[in-house]
Amino acid sequence: DTAVSQTPKYLVTQMGNDKSIKCEQNLGHDTMYWYKQDSKKFLKIMFSYNNKELIINETVPNRFSPKSPDKAHLNLHINSLELGDSAVYFCASSQNRGDIQYFGAGTRLSVL
Amino acid sequence: GENVEQHPSTLSVQEGDSAVIKCTYSDSASNYFPWYKQELGKRPQLIIDIRSNVGEKKDQRIAVTLNKTAKHFSLHITETQPEDSAVYFCAASRGGATNKLIFGTGTLLAVQP
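Respectively, the protein sequence lines represent chains A and B. Per my numbering, the first sequence starts with residue 185, numbered consecutively. Per my numbering, the second sequence starts with residue 3, numbered consecutively.
Next up, chain A with everything else stripped away, as it sits in the complex (with noise of 0.2 Å):
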């Protein structure tokens, strides 16, 4: 069973659309994450959740906005994409704040 799923894993839309990355962990965990990696490989960190409520905000857009519906689970919608969307988008989940962190599988978005 893969412990932390994304979905899709790849994303290909025109610009100015809105779209959405579902993120799932069976882990157990109670604090989930987006990162970002763009083209040159930077990981950087978007949001994270614990147990449903927000506790990091990075200065990202607000055309983006994450959403969990419960602990296991923690989605992101992207609004009026733009080129610069384009990128790797990875979630993660860790033990109640704990420090080891495991991530999913990716989801490839392409902005045309």
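Simulated from the structure, these hints should not be mistaken for lab results. Check each hint, because a few of them may be wrong.
Claimed, not checked - Capping the alpha-carbon separation at 25 Å, the derived lysine to aspartate or glutamate pairs in DMTMM-like fashion look like this:
{"#": "1", "chain 1": "A", "residue 1": "Lys224", "chain 2": "B", "residue 2": "Asp86"}
{"#": "2", "chain 1": "A", "residue 1": "Lys228", "chain 2": "B", "residue 2": "Asp86"}
{"#": "3", "chain 1": "B", "residue 1": "Lys60", "chain 2": "A", "residue 2": "Asp222"}
{"#": "4", "chain 1": "B", "residue 1": "Lys44", "chain 2": "B", "residue 2": "Glu81"}
{"#": "5", "chain 1": "A", "residue 1": "Lys220", "chain 2": "B", "residue 2": "Asp19"}
{"#": "6", "chain 1": "A", "residue 1": "Lys224", "chain 2": "B", "residue 2": "Glu7"}
{"#": "7", "chain 1": "A", "residue 1": "Lys220", "chain 2": "B", "residue 2": "Glu81"}
{"#": "8", "chain 1": "B", "residue 1": "Lys44", "chain 2": "A", "residue 2": "Glu237"}
{"#": "9", "chain 1": "A", "residue 1": "Lys224", "chain 2": "B", "residue 2": "Glu81"}
{"#": "10", "chain 1": "A", "residue 1": "Lys203", "chain 2": "A", "residue 2": "Glu266"}
{"#": "11", "chain 1": "A", "residue 1": "Lys224", "chain 2": "B", "residue 2": "Asp61"}
{"#": "12", "chain 1": "B", "residue 1": "Lys44", "chain 2": "A", "residue 2": "Asp269"}
{"#": "13", "chain 1": "A", "residue 1": "Lys228", "chain 2": "B", "residue 2": "Glu4"}
{"#": "14", "chain 1": "A", "residue 1": "Lys220", "chain 2": "B", "residue 2": "Asp51"}
{"#": "15", "chain 1": "A", "residue 1": "Lys206", "chain 2": "A", "residue 2": "Glu266"}
{"#": "16", "chain 1": "A", "residue 1": "Lys225", "chain 2": "A", "residue 2": "Glu237"}
{"#": "17", "chain 1": "B", "residue 1": "Lys59", "chain 2": "A", "residue 2": "Glu237"}
{"#": "18", "chain 1": "A", "residue 1": "Lys228", "chain 2": "B", "residue 2": "Glu41"}
{"#": "19", "chain 1": "B", "residue 1": "Lys73", "chain 2": "B", "residue 2": "Asp61"}
{"#": "20", "chain 1": "B", "residue 1": "Lys73", "chain 2": "A", "residue 2": "Glu208"}
{"#": "21", "chain 1": "A", "residue 1": "Lys228", "chain 2": "B", "residue 2": "Asp29"}
{"#": "22", "chain 1": "A", "residue 1": "Lys251", "chain 2": "A", "residue 2": "Glu208"}
{"#": "23", "chain 1": "A", "residue 1": "Lys225", "chain 2": "B", "residue 2": "Asp29"}
{"#": "24", "chain 1": "A", "residue 1": "Lys228", "chain 2": "B", "residue 2": "Asp51"}
{"#": "25", "chain 1": "A", "residue 1": "Lys225", "chain 2": "A", "residue 2": "Glu242"}
{"#": "26", "chain 1": "B", "residue 1": "Lys44", "chain 2": "B", "residue 2": "Asp29"}
{"#": "27", "chain 1": "B", "residue 1": "Lys24", "chain 2": "A", "residue 2": "Asp283"}
{"#": "28", "chain 1": "A", "residue 1": "Lys220", "chain 2": "B", "residue 2": "Asp61"}
{"#": "29", "chain 1": "A", "residue 1": "Lys220", "chain 2": "A", "residue 2": "Asp254"}
{"#": "30", "chain 1": "B", "residue 1": "Lys24", "chain 2": "A", "residue 2": "Asp254"}
{"#": "31", "chain 1": "A", "residue 1": "Lys220", "chain 2": "B", "residue 2": "Glu41"}
{"#": "32", "chain 1": "B", "residue 1": "Lys73", "chain 2": "B", "residue 2": "Glu17"}
{"#": "33", "chain 1": "B", "residue 1": "Lys73", "chain 2": "B", "residue 2": "Asp51"}
{"#": "34", "chain 1": "B", "residue 1": "Lys59", "chain 2": "B", "residue 2": "Asp86"}
What the hints assert, rightly or not - Selected chain A positions facing chain B (Cβ under 10 Å, derived; list incomplete):
{"#": "35", "residue": "Thr215"}
{"#": "36", "residue": "Tyr219"}
{"#": "37", "residue": "Lys224"}
{"#": "38", "residue": "Asn234"}
{"#": "39", "residue": "Phe248"}
{"#": "40", "residue": "Ser270"}
Even for Gly, the Cβ is constructed at its ideal location relative to N, Cα and C.
Starting from the known structure of chain A, arrange chain B on it as the hints suggest.
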């Protein structure tokens, strides 16, 4: 702000040689330092980590050292193998309520057979 510098950006070694990757962090409150390996097109995977109460940790062919005074930490891979070829990321975190990983810029390691 919080920053982690990582060097070198690329490293090419012969199979069997050792490889060393170095990182420097800026946030003196950091107390957790993981290393992730990312193969092409795959997810980052934790290979080793160290907490601020120890200076060195080993796991078979890999080791990490930490110098809290200098705010440096390093990854050492001995007897490198072609399957060690990947991008390696260091990271630093305060842990606890603000457990966000601040990643270094990555090192592309190529092990030549």
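These are the hints, each one checked on the structure:
{"no.": "1", "hint": "A:Lys224 / B:Asp86", "result": "holds, 21 Å"}
{"no.": "2", "hint": "A:Lys228 / B:Asp86", "result": "holds, 24 Å"}
{"no.": "3", "hint": "B:Lys60 / A:Asp222", "result": "violated, 31 Å"}
{"no.": "4", "hint": "B:Lys44 / B:Glu81", "result": "holds, 24 Å"}
{"no.": "5", "hint": "A:Lys220 / B:Asp19", "result": "violated, 33 Å"}
{"no.": "6", "hint": "A:Lys224 / B:Glu7", "result": "holds, 15 Å"}
{"no.": "7", "hint": "A:Lys220 / B:Glu81", "result": "violated, 33 Å"}
{"no.": "8", "hint": "B:Lys44 / A:Glu237", "result": "violated, 29 Å"}
{"no.": "9", "hint": "A:Lys224 / B:Glu81", "result": "violated, 28 Å"}
{"no.": "10", "hint": "A:Lys203 / A:Glu266", "result": "holds, 11 Å"}
{"no.": "11", "hint": "A:Lys224 / B:Asp61", "result": "violated, 29 Å"}
{"no.": "12", "hint": "B:Lys44 / A:Asp269", "result": "holds, 20 Å"}
{"no.": "13", "hint": "A:Lys228 / B:Glu4", "result": "holds, 12 Å"}
{"no.": "14", "hint": "A:Lys220 / B:Asp51", "result": "holds, 22 Å"}
{"no.": "15", "hint": "A:Lys206 / A:Glu266", "result": "holds, 19 Å"}
{"no.": "16", "hint": "A:Lys225 / A:Glu237", "result": "violated, 28 Å"}
{"no.": "17", "hint": "B:Lys59 / A:Glu237", "result": "violated, 34 Å"}
{"no.": "18", "hint": "A:Lys228 / B:Glu41", "result": "holds, 18 Å"}
{"no.": "19", "hint": "B:Lys73 / B:Asp61", "result": "holds, 22 Å"}
{"no.": "20", "hint": "B:Lys73 / A:Glu208", "result": "violated, 35 Å"}
{"no.": "21", "hint": "A:Lys228 / B:Asp29", "result": "holds, 16 Å"}
{"no.": "22", "hint": "A:Lys251 / A:Glu208", "result": "holds, 12 Å"}
{"no.": "23", "hint": "A:Lys225 / B:Asp29", "result": "holds, 22 Å"}
{"no.": "24", "hint": "A:Lys228 / B:Asp51", "result": "holds, 19 Å"}
{"no.": "25", "hint": "A:Lys225 / A:Glu242", "result": "holds, 18 Å"}
{"no.": "26", "hint": "B:Lys44 / B:Asp29", "result": "violated, 29 Å"}
{"no.": "27", "hint": "B:Lys24 / A:Asp283", "result": "holds, 21 Å"}
{"no.": "28", "hint": "A:Lys220 / B:Asp61", "result": "violated, 29 Å"}
{"no.": "29", "hint": "A:Lys220 / A:Asp254", "result": "holds, 22 Å"}
{"no.": "30", "hint": "B:Lys24 / A:Asp254", "result": "violated, 39 Å"}
{"no.": "31", "hint": "A:Lys220 / B:Glu41", "result": "holds, 17 Å"}
{"no.": "32", "hint": "B:Lys73 / B:Glu17", "result": "violated, 30 Å"}
{"no.": "33", "hint": "B:Lys73 / B:Asp51", "result": "holds, 15 Å"}
{"no.": "34", "hint": "B:Lys59 / B:Asp86", "result": "holds, 19 Å"}
{"no.": "35", "hint": "Thr215", "result": "holds, 7 Å"}
{"no.": "36", "hint": "Tyr219", "result": "holds, 8 Å"}
{"no.": "37", "hint": "Lys224", "result": "holds, 8 Å"}
{"no.": "38", "hint": "Asn234", "result": "holds, 8 Å"}
{"no.": "39", "hint": "Phe248", "result": "violated, 16 Å"}
{"no.": "40", "hint": "Ser270", "result": "violated, 16 Å"}
The structure fails hints 3, 5, 7, 8, 9, 11, 16, 17, 20, 26, 28, 30, 32, 39, 40 (numbered hints given earlier, in ascending order).
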